[in-house]
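J.: The chain contents come next:
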Amino acid sequence: MIRLLFAATLLLVAVPTTAQDKLPPAPYAYRQLDDPQQEDSAKALMDTLRCLQCQGQAISDSDAPIAGDMRNQVRLRIAQGESPEAIRAWLVERYGSYVSYKPHIGLQTWPLFVAPAAFVALAALVLRKRFGKGDSA
Amino acid sequence: MIANFGLAALWFAAALAILQMVAAGLSIRRDNPVLAGLVRPAAIVQGLLAAAAFGALIALFWRTDLSVKLVAMNSHSAKPLLYKIAGTWGNHEGSMLLWVTIMGLAGAFVALVERRLTERAMLATLGAQAFVSIGFYAFLLVASNPFERLNPAPPEGLGLNPLLQDPGLAFHPPTLYFGYVGLSIAFSFAVGALITREVSPLFARTMRPWVLGAWIFLTLGITAGSYWAYYELGWGGWWFWDPVENASLMPWLAATALLHSVSVLASRNALRAWTVMLGVVAFSMSMIGTFLVRSGILTSVHAFAVDPTRGTFILVLLAIYIGGALLLFALRAATVTEGQRFTVTSREGALVCNNVMLTATLGIVLIGTLYPLLAEAMGNKVSVGPPYFNPMSAMFVLPMLVVMGVGPLLRWRRDKLVRIGRRLIAPAFFSAGGMIFMLVKGASALPALGMMVAAGLLVASLMPLSGRRLRMVTLPLWGMVLAHFGVAVALFGMAADSAFTKERLIAARIGQTTDVGPWKVELQTIMPVAGPNWTALEGALAATYQGDHTVILRTQSRSFWAPFQQTNESALHTRWNGQLYVVLGDQVEGGRWQLRLWWKPFVTLIWLGGVLIALGGLLALTGRVASDLRRLVAVNMIAYRRKRQGR
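These protein sequence lines map, in sequence, to chains A and B.
Note that our numbering has the first sequence beginning at 678, numbered continuously upward.
Note that our numbering has the second sequence beginning at 587, numbered continuously upward.
A portion of the hints provided could be inaccurate.
Just a few of them, taken from the derived set where beta-carbon distance is under 7 Å, the chain B residues facing chain A [to be verified]:
| no. | residue |
| --- | --- |
| 1 | Val930 |
| 2 | Ala946 |
| 3 | Gly971 |
| 4 | Gln1180 |
Read the hints as simulated data drawn from the structure, not as lab findings.
Note that the structure is a prediction, hence the values are computed from the model and not measured.
Idealized CB from N, CA, C, for every residue including glycine.
Required output: the full structure, derived from the provided sequences and hints.
T.: Okay, here's the thing in structure tokens:
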């Protein structure tokens, strides 16, 4: 029984990976744009988009098929003259804000931006308390 | 048989840890020589038993004993021996056993060697250490038993993730664990000093080698991990602000702050409360790091919620240790005074500035790492990545590095900037040069600022040596200079790589030539090759640097069969001024092959800098331990002479 289970698990692990690899990659998944300036702005954008299938990798750092698809999308849209932030907005609309590594300031993310400001204030306070009163405090 | 022995050893070790804690606790409250005499031997035997259990697990992996569930789940009979053995700690249970083994052995070492502190402080320290160990033993025995059996045994194991089948794996986790455990020992010393109210320079000198050692290992671990990700993941990235990386960066930041404040306490008897506090914070960061990596919360908050046993266990441990330590700190805070005073323009002043900046950076990394998890738990997925971490951390790190260039030139207690002004002219000049160069080259703001600071720091970090006779410079001073120089070198590499990397992705025919930066690269052949548990297609590329000499790089697209997975093995060619990085991808239509090529100017300096920083730490540690030994010998000599004269 246990042996059967093991074999079944092996199959479960193996099948999806092989199936994915059979799909032909999208044209611009592994190809750069001809215009270096366009490629630069595509690359800058891709560095800040999350591969939804991987753990903690940008789409510009991943072999996952979905990352390839997204690179293709980004490059095509940049080539058509869309602005990087418009493409980001489109992807966020499609996949949710999870896809963007660049958190926008909003209702859900304000602590991320208040915290550094608080750290600055706190650091200033600590230093002032230590050194504020004349020569030594 | 071996498995039973390992499990028994683990239970006995746990029992001894309890004995160690109870005996220490009782004999601190009321003097009891019999109980007190048990503490050190218990610590030593406990360490040996933990090591024996770990040895047993290694033996099980070596023999691929598939009746042990952990081996069946993570190993395979066709794996190379090195990866069978390294696989012992390539999984959750094994790595936690490695953790308690290192912790047990470190505790045994303290018990065996350390005689400087008062016996009461030593008992408190060893008691605290046992208290920490007990939690981890309980975690292993209750929630992640590495010796669990399977009956009947399966015919074959499931294998190890091919990404982990790399020499890097053999050394990376143990290195980090040495760091984490070193911080746990520092934590025990801090708790011991708090309990016995003996927060003194002597305490700082006793704790310092452990902090230094932990810091060296963390530095090496982070450096090695970064290089591993760089060549193994196959896309040329070396830092991703991934939570797993942050889990190792946070203890490092805390340890760096602790290292500097413990030095101030040791030599100036100042920053007492702050040092103890950092000791607690540094170990908390190790625990948080362990929680992040080991609870499975990173894969998904929901997966964590489905099986929260392990994560909850670590969280409870975290709450007990850190909450307990903070409570103790609060109770004792009134009795721990800050110690000697100093002005802002003094060596201590600069160190305090940097301590505050490091702590703020730590805060940024902490919130950026934990916030997405918190948000997800509240049903709202957000991502925090480089666009957040880079500028936010730079905001604190870059000013801190400027202070780091100036601080070591200042005198202790009080000084004037005017006095050292002349020695800052050269660094300022280099900084300006670096900035102008980057602006001319059209680099973006962050790399330009990084290069500016790096260029100035390369000179400023050497300034403490100027005007000294080099033969008279002590080892710890050499260590400091080397480590600070290493920081400048690493920052230079980061700035250069971010600003000037050239990327080329193409689908190439055999015989086709393409260029990337100063290189011309020709795809010569694609050949099948076979390894012990994989087959691969190997691409041979001829690369020519500026029409000069040609080198051959071999990159592989590998298919592992147990478990099935495809990996791309990058090939690197290193020059003094950078690295050529090539990766072979899949075959595409028309008999073309995907190639990914990068020219990364000065990228190797990042890891060279990391190694220099660790080496600086090693020099300082050697110097400290040597002078401690000299003092020990001198004290013993005096005692011996007195004894003889007394007769």
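J.: Each hint: holds or not?
T.: Hints versus structure:
With its C-beta approaching chain A no nearer than about 4 Å, B/Val930 sits inside the 7 Å limit, and its interface hint holds. The restraint placing B/Ala946 at the interface with chain A holds, with a minimum CB-CB distance near 4 Å, inside the 7 Å limit. Taken as an interface hint, B/Gly971 checks out: its beta carbon lies about 3 Å from the nearest beta carbon of chain A, inside 7 Å. For B/Gln1180, the interface hint holds, the least distance from its beta-carbon to any beta-carbon of chain A being 5 Å, beneath 7 Å.
Every hint, counting from the list given before, is met by this structure.
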